[in-house]
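As they're listed, the protein sequences go chains B and U. Residue 1 is where the first sequence starts when you use our numbering, and the numbers rise one by one after that. Residue 321 is where the second sequence starts when you use our numbering, and the numbers rise one by one after that.
Please note that the accuracy of each hint is not assured.
[What the hints assert, rightly or not] Within a straight-line C-alpha distance of at most 35 Å, the following computed DSBU-like cross-link-like pairs (lysine-lysine) qualify:
no., chain 1, residue 1, chain 2, residue 2
1, U, Lys322, B, Lys231
2, U, Lys551, B, Lys2
3, B, Lys231, B, Lys280
4, U, Lys551, U, Lys600
In short, the hints are calculated from the structure, not lab data.
Okay, here's what each chain looks like letter by letter:
Number of protein chains: 2
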Amino acid sequence: MKGSVGELGEFGLIRELTSRISGTPAVRLGPGDDAAVIAAPDRRVVASTDILLEGRHFRRDWSTAYDVGRKGAAQNLADIAAMGAVPTAILLGLVVPAELPATWPVELMDGIRDECQVAGAGVAGGDVVRGETITVSITALGDLGGREPVTRTGARPGDVVAVTGWLGWSAAGHAVLSRGFRSPRAFVEAHRRPEPPYPAGPAAAALGATAMTDVSDGLIADLGHIATGSKVRIDLRSAALDVPAQMNDIGQAVGVDPLTWVLTGGEDHAIVAVFPPDTKLPARWRTIGEVLPARGRGLPQVTVDGAPWATAGGWDHFAS
Amino acid sequence: MKGSVGELGEFGLIRELTSRISGTPAVRLGPGDDAAVIAAPDRRVVASTDILLEGRHFRRDWSTAYDVGRKGAAQNLADIAAMGAVPTAILLGLVVPAELPATWPVELMDGIRDECQVAGAGVAGGDVVRGETITVSITALGDLGGREPVTRTGARPGDVVAVTGWLGWSAAGHAVLSRGFRSPRAFVEAHRRPEPPYPAGPAAAALGATAMTDVSDGLIADLGHIATGSKVRIDLRSAALDVPAQMNDIGQAVGVDPLTWVLTGGEDHAIVAVFPPDTKLPARWRTIGEVLPARGRGLPQVTVDGAPWATAGGWDHFAS
Numbered sequence: 001m002k003g004s005v006g007e008l009g010e011f012g013l014i015r016e017l018t019s020r021i022s023g024t025p026a027v028r029l030g031p032g033d034d035a036a037v038i039a040a041p042d043r044r045v046v047a048s049t050d051i052l053l054e055g056r057h058f059r060r061d062w063s064t065a066y067d068v069g070r071k072g073a074a075q076n077l078a079d080i081a082a083m084g085a086v087p088t089a090i091l092l093g094l095v096v097p098a099e100l101p102a103t104w105p106v107e108l109m110d111g112i113r114d115e116c117q118v119a120g121a122g123v124a125g126g127d128v129v130r131g132e133t134i135t136v137s138i139t140a141l142g143d144l145g146g147r148e149p150v151t152r153t154g155a156r157p158g159d160v161v162a163v164t165g166w167l168g169w170s171a172a173g174h175a176v177l178s179r180g181f182r183s184p185r186a187f188v189e190a191h192r193r194p195e196p197p198y199p200a201g202p203a204a205a206a207l208g209a210t211a212m213t214d215v216s217d218g219l220i221a222d223l224g225h226i227a228t229g230s231k232v233r234i235d236l237r238s239a240a241l242d243v244p245a246q247m248n249d250i251g252q253a254v255g256v257d258p259l260t261w262v263l264t265g266g267e268d269h270a271i272v273a274v275f276p277p278d279t280k281l282p283a284r285w286r287t288i289g290e291v292l293p294a295r296g297r298g299l300p301q302v303t304v305d306g307a308p309w310a311t312a313g314g315w316d317h318f319a320s
Numbered sequence: 321m322k323g324s325v326g327e328l329g330e331f332g333l334i335r336e337l338t339s340r341i342s343g344t345p346a347v348r349l350g351p352g353d354d355a356a357v358i359a360a361p362d363r364r365v366v367a368s369t370d371i372l373l374e375g376r377h378f379r380r381d382w383s384t385a386y387d388v389g390r391k392g393a394a395q396n397l398a399d400i401a402a403m404g405a406v407p408t409a410i411l412l413g414l415v416v417p418a419e420l421p422a423t424w425p426v427e428l429m430d431g432i433r434d435e436c437q438v439a440g441a442g443v444a445g446g447d448v449v450r451g452e453t454i455t456v457s458i459t460a461l462g463d464l465g466g467r468e469p470v471t472r473t474g475a476r477p478g479d480v481v482a483v484t485g486w487l488g489w490s491a492a493g494h495a496v497l498s499r500g501f502r503s504p505r506a507f508v509e510a511h512r513r514p515e516p517p518y519p520a521g522p523a524a525a526a527l528g529a530t531a532m533t534d535v536s537d538g539l540i541a542d543l544g545h546i547a548t549g550s551k552v553r554i555d556l557r558s559a560a561l562d563v564p565a566q567m568n569d570i571g572q573a574v575g576v577d578p579l580t581w582v583l584t585g586g587e588d589h590a591i592v593a594v595f596p597p598d599t600k601l602p603a604r605w606r607t608i609g610e611v612l613p614a615r616g617r618g619l620p621q622v623t624v625d626g627a628p629w630a631t632a633g634g635w636d637h638f639a640s
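Given the sequences, and given the hints that come with them, work out the whole structure.
Now the structure itself:
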C-alpha cells in the first residue's frame, strides 16, 4: 500500500482497517454499523479502556506500528483477564495525522488483531479521525463465565501473594533502548511487546483468588492498590522474586539494581493475585509474599522483606 | 477548584472525576479497579466508540467543557439507541494538557454524567493521560432487551422512511456561530448540545423497524449507508421535511437554502428508521420518504423528490 492516510481518505482507511480483521463467534456484529454487538453469555460484561499517545507511551523509532498494536491491545486485554474474565472483543479509537503513511495504521491493526487472537478476542469496531498526535484508544470487553469478578479489595491477612508472567523485563528493555542499544534482544522484545498470561486470570478466579490485578505500573505500585483497597499490608520476599542472570548483567552494565526493575517496572502485565493460604497453585505461579494486617496510616503498606522498598513508587503519568 | 491538571496530578484528577459520578444499577462495578463490570441482561452487549478532538470536533471558545461532555456522550449513546438498544454505560478516555485548568475535565465529566443520566446510562470507568491536544474518547455500551439489533441492511422496497428528533438545527447553529453571532439561541444551543431521542431507538426496534441509524453525518449521507447496506434506493419528499420559520430566517440572512441543513447537516443525532409500510408510527415520528428498488451502480441511491440532491454529501473527516 502506498501513500499517506490523507491520500487514502477516511473511508478508504476504514476499509483497509476492517479488511485486516476477521470475525469471531463472540463478535455477533462487527464494524460497519452504528455499533457492534458482542456476546455476553454471563449477563455481565467486563470493560476497560486505555489511551496510548505517541511520544508518551510509544516511540515510532523504538517500536513498529505492529508492536504498538500488540502492546496497546495487550494492556487492555490484561485488565480484562485480571478481573477473572475471558476477553471477547476490543474497540479501537484512532487519531492519525494526514501525512502519516497509510501502512502505519494498517500494521497497527494487524498487531491489535494478532494480540486479540492470542487472548481469544475479536476486533468489533472503532473510529478513525485525523489529528496531530497519533493516539490509540482501546476498549476491551470480556466475559466472566459465571465467576465473580476478582477486584482489588478482597485480600485478607493470612492470604498468600502469587504472580505469573514476566516482571521487570519491559523496564530492563527500556533501560537498554534508552542507552541506544538494541540488545539483549529478549528484553527489548519484552518492552516492545508484552506477553500477558491471559488464561491465568480466569484460572485464578476459579481457584478462589481473593484479589487480583495485572502489573501495569510496577509490582509494588499495583500491589499497593490491592493493599489500600483491601486495607491490608503486603510483604514480599525478595528471594522469591526471579531475577534472570541476563537481567543482572544489564543491571551491572547500566548501574541499576535489577530488583528495582522487578519490583517497580511496569508494562509487562504479569498477573499478581492473592489466594487463601491453602490454595494449590498451578506450576507457573510463584508465591512471592504474604498478606498481613495493615499498619498505621501513612506507613507503606507494601514492604519487601519487612521493610519499605527505598526506590519504590509507581508511574504517575502527569509527573514525568 | 483551582489550578491546572498538572498541579492536580493524575491520581488527583481521577479522584475529582470519579467523585462527580454516582452509581447506577447497571454499573455493577464502577471506576477504580482493572476494569468495570456492567449488566448485560440480554446476553449480548452493544458497543460503539468515538473520538472527539479539540479544534476538529469542538472549540473551547464556542462550547463549554460541560457542553462538550454532553455532546460527546450524546453521539455515542445515540449510536447505541440507533441499534435498538438501551444505553447502559460509557467509558471515557481523556487526553488533557498539563496546563489545562482542572475545572475543564471536571465540567466535561459533569456533562458526560448528565447526558448519561438522560439516556439511562452510567459512567463505568476510564483512563486519563497527559498530552498536547484535548482528546475525548467515549465508548458506550447498551442492552438489546431481547430484541434483534436493527442494522443498516434490512430496508426493503415498499418500506417507509421515518425520522424523529431534530434535523439541521446543529448545522444552522454552526452557521450562526461561524459568522460570529451567538443567536438565535435555540440553534446555537442545538449545535452545542444535541438532544437525541434515545427511547425512540428501542421503540422503533419493537415496532419492527427493518433498518435504522442516527443522523450524525447528515440525513442524505446516513440514509446513503442504509441504501448501500440494504441495496435499495431511498427517495425523500422535501415537503415532508420540517423547515422551521426561524431556520428559514437564518438561511436568508446567511444565503443558504435551509433545506441543505436539514438534508446534509450532521450532529443532531435524530433517529431515522425504515418500517414496513403498514406500521402505525407513534406521534413524534414523521414519514419522510419511501424505499424503492436500487438504481444502477454509480447513480445516487438517495434522492429528493425523485432527483439527486445537488449539494448533497456527507462529512469526510479527512477531507476538510
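- U:Lys551 paired with U:Lys600 [C-alpha distance capped at 35 Å]: Judged against 35 Å, a Cα distance of about 25 Å means the pair holds.
- Could you grab the alpha-carbon distance between U:Lys322 and B:Lys231 and see if it respects the 35 Å cut-off? Satisfied, since the Cα-Cα distance of roughly 31 Å is no more than 35 Å.
- Message: Need the status of pair U:Lys551, B:Lys2: alpha-carbon distance at most 35 Å?
- Response: Holds, because 31 Å separates the two Cα atoms, which is no more than 35 Å.
- Message: Tell me if the straight-line CA distance from B:Lys231 to B:Lys280 falls inside 35 Å.
- Response: holds (25 Å)
Of the numbered hints given earlier, the model fails none.
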